[in-house]
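S.K.: Whenever a hint applies, use it, and build me the whole structure from the sequences.
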Amino acid sequence: MAELGERQTLEPLILPRMDNRVRSFAAAAVCLFLILLIPVAALMAGSAGVAPDFTARLVPPDWAHWFGTDQMGRDMFARTAKALTTSLWVGLFASACSVLIAVVMVLVSAASGRWMDALVSLAIDATIGLPHLVLLILICFALGGGPFAVTLALALTHWPRLARILRAEVMQIKQADYIISARHFGKSWAAIAVGHVLPQLVPQMLVGFVLMVPHAILHEASLTFLGFGLEPTSPAIGVMLADSMRYLTAGKWWLGLFPGLCLLLFVLCFDAVGNGLRLIFDPRTAQT
Amino acid sequence: MNRSFAGWAGLLFFSTSSLIAGAPAFAKNDLVLAIGGEPDTGYDPLLGWGRYGHPLFQSTLLRRDADLNTVPDLATEWKLSDDRLVWTVTLRPGVVFSDGTPLTAEDVAFTFNEAASAGGALDLTVMEKAEAVDDLTVRIELKRPWVTFSENFYSLGIVPSDSYGQGYARNPVGSGPYRLVSWTEGEQLIVEANPDYYGPKSQFERLTFVFTGEDAGLAAARAGQVDMVSVPALMADDMIDGFKRLQVMSVDNRGLTFPMQEPGEVNAQGEAVGNAVTSDPAIRRAINLGVDREQLVEVVLNGFGRPAAGPADGMPWSNADAAVTYAPDEARAMLDAAGWLVGDDGFRAKDGVKAGFKIYYPASDAVRQALTVVVAEQLKALGINAQPTGASWEQIERFAHQEPVMLGWGSHSPLEVYSLYNSDWGGVGFYNPGYFSDAVVDAHLADAQQAATLEASYPHWQAAEWDGETGFSARGLAGWAWLVNLDHIYFTNECLDIGKTQIEPHGHGWPITTMIDQWAWTCD
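Which chain is which? The protein sequence lines are A and B, in order.
The working numbering puts the first residue of the first sequence at 1, with every later residue one more than the last.
The working numbering puts the first residue of the second sequence at 289, with every later residue one more than the last.
Quick caveat, the hints were computed from the structure, so don't treat them as lab data.
Some clues are possibly wrong.
Far from chain B by the CB rule (all over 10 Å, computed), these chain A residues [unchecked claim]:
1) L34
2) M245
3) W253
4) G260
Have a look at the derived ranges for each label pair, beta carbon to beta carbon [said to hold, decoys possible]:
5) A:P60 - B:E586: 17 to 23 Å
6) A:A123 - B:S451: 33 to 39 Å
7) A:L264 - B:A808: 48 to 54 Å
8) B:A615 - A:T55: 18 to 24 Å
9) B:G512 - A:L156: 44 to 50 Å
We put the CB at the ideal spot given by N, CA and C, even for glycine.
M.R.: This is the structure:
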């Protein structure tokens with residue numbers, strides 16, 4: 001009776017968690033679909049959005065041009081889709097590189113001694129200590145801009161936060177009984193790091209990766225907006241927003257509104273996917 | 289009784305107050321201007337201050353009126369010797385600097401000698417020496433006849449020989465209509481009328497120049513904070529209540545440079561020189577013929593400009609016969625005849641060389657970017673693959689000798705034409721980055737410089753542009769593809785009358801101050 005009573009009282013607590021998980025899955029699936037839709041839309045647009053049409057300059061949104069056209073008569077919908085595709089690639093590559101850097105550093109510090117760990121900690125603190133955007137601008141400026149420079153700059157600046165989380169995780173894992181046993185059996189720290197620690201880090205890595213993508217995309221847009229990122233003639237959200245500034249006072253609201261809104265939605269979608277993953281992987285929210 | 293007294297008193301009060309309000313004694317005597325023009329190197333004429341627009345703090349030997357005719361300023365007489373090697377200038381008596389010291393021939397000679405040794409933005413290399421003959425007479429000797437030397441009489445502000453030195457650029461002392469009150473770098477410059485100025489007194493006692501970006505300037509105008517603001521062409525349609533739009537014609541041009549040499553050479557700085565495509569005259573001429581300049585004005589300048597045919601359109605030394613009209617079919621035929629044939633990708637090629645190049649433009653300049661993008665699009669129709677490439681000025685400097693660049697010039701002196709096309713100026717700054725060099729053009733330019741007067745030199749400048757057989761223009765060797773002349777747009781308070789304006793040189797903003805002494809407030 002007592003058991004049953006407990007169960008009954010527990011049910012309502014478990015259900016919302018179940019619900020949460022399903023909801024997270026659903027949200028993540030929808031967002032993923034939307035994210036994948038953008039490159040397809042960009043591909044289908046062909047040369048629209050890049051080729052100017054001087055007879056249709058600064059046309060407000062209508063059925064032919066959903067987001068209107070810009071000062072060169074380029075379709076803003078196609079241009080936005082192309083810009084987001086570039087953002088997506090830059091974000092994905094930069095985040096993947098960042099995760100790789102973070103994991104390698106953490107595993108090396110786990111496999112080596114205290115000195116290496118101190119060095120990695122120092123690198124993390126030093127990189128976090130510097131203002132993000134300043135570092136990004138410096139690297140991009142030194143490399144002369146362009147997609148490669150932006151990706152590299154983002155990769156080199158975004159790893160420390162994840163590295164810090166992973167390092168804490170590793171310190172905890174290193175205390176676990178099976179690690180101590182493995183050590184007693186004579187396994188090297190390097191083998192333990194790859195064989196036993198790395199698999200434990202995968203969920204953190206995945207969540208960290210997905211949450212880093214929107215962050216990287218926003219930084220790519222700000223860098224480009226400031227003129228240090230992608231080519232000023234290429235379709236990029238930063239370029240479009242910077243261009244739109246000149247026309248805002250002239251009442252051409254669609255130039256900034258739609259790319260800005262799309263960037264916001266895009267980033268929120270990624271955030272939703274990341275948060276969904278986090279909810280699923282986190283033992284406190286994912287247990288049933 | 290009381291009530292009627294109050295009524296009369298009230299009527300009296302209103303009528304007197306309205307009378308006072310209508311009195312001219314209350315006319316506005318200060319102006320706030322957001323027209324940019326803050327110099328990087330301060331207000332030192334020897335470092336280039338006053339080259340465009342009025343130097344405000346200093347005065348020059350000569351000036352140009354609204355029609356660009358020469359009028360005396362500090363000089364009352366100026367004479368070139370028969371051998372064209374000695375200028376004798378007589379000064380106006382009784383002129384004092386704003387610190388109270390008299391302005392004499394000594395100061396003028398000092399200014400010219402210092403400017404020559406400073407090697408600033410002005411070209412004084414041809415000057416042998418300047419010396420004061422007496423208090424009011426200056427003698428300037430030249431190394432060789434050089435008609436454009438007189439340009440320095442219009443643009444070199446005279447500085448005091450006694451007090452000129454370190455820190456002058458921040459605390460200028462001169463004999464101009466205004467003196468400096470304060471300058472906060474990057475923010476504002478405040479000047480007030482110079483009570484010792486010898487010329488006609490300006491109606492405005494105090495001027496404040498605010499150095500803001502375009503957006504901030506416009507926002508300030510909307511809030512009624514400024515009386516004049518320079519406006520980019522793209523925003524020129526967006527009128528502000530209480531303001532009128534002033535559209536000033538200019539020779540502020542934009543054009544494409546062409547590297548003239550075949551690739552393979554390296555200049556003294558170790559930079560590569562030459563381009564396999566633009567070294568072919570057929571390509572350069574075809575581009576000049578096939579670019580739709582009217583469309584450029586419409587799309588990029590919002591209609592506020594005019595097509596450009598040369599570096600000095602409308603100036604007395606430019607040659608109207610040198611202009612070409614838009615003829616894309618002729619351009620395509622010209623390319624076909626020269627062996628540039630269209631391939632499968634729609635672009636031309638000749639002997640394995642693709643008809644393509646980069647066009648560099650300063651990434652921070654929205655107008656040049658738009659011009660480059662539209663030109664690249666127009667060139668596609670000719671079968672030429674041009675890639676717009678934004679870069680910093682430092683990067684552009686490195687590549688300017690091997691790829692076309694979107695540059696801009698425009699001056700009140702034909703000296704600029706000389707610098708753009710003379711062989712000696714190849715690779716010097718951004719004047720002749722393509723190393724344009726032609727013996728016939730050089731000879732015409734030399735003849736122009738040897739002329740007795742500026743007026744007598746005009747036919748030679750025109751011949752350098754197009755002499756019926758060759759020239760630097762699009763009809764001849766097509767050293768550049770000049771594209772557009774910008775109109776400079778200003779929104780001014782409806783009450784501010786700035787009178788007739790000059791056709792403006794390069795630089796949108798400060799040149800409007802050239803005739804500042806004739807500005808007037810027309811409202812009560």
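S.K.: For each hint, tell me whether it holds in the structure or not.
M.R.: Status of the hints after comparison with the structure:
no.	hint	in the structure
1	L34	holds, 31 Å
2	M245	violated, 7 Å
3	W253	holds, 13 Å
4	G260	holds, 17 Å
5	A:P60 - B:E586: 17 to 23 Å	holds, 19 Å
6	A:A123 - B:S451: 33 to 39 Å	violated, 57 Å
7	A:L264 - B:A808: 48 to 54 Å	holds, 51 Å
8	B:A615 - A:T55: 18 to 24 Å	holds, 21 Å
9	B:G512 - A:L156: 44 to 50 Å	holds, 48 Å
When held up to the earlier numbered hints, the structure conflicts with 2, 6 and fits the remainder.
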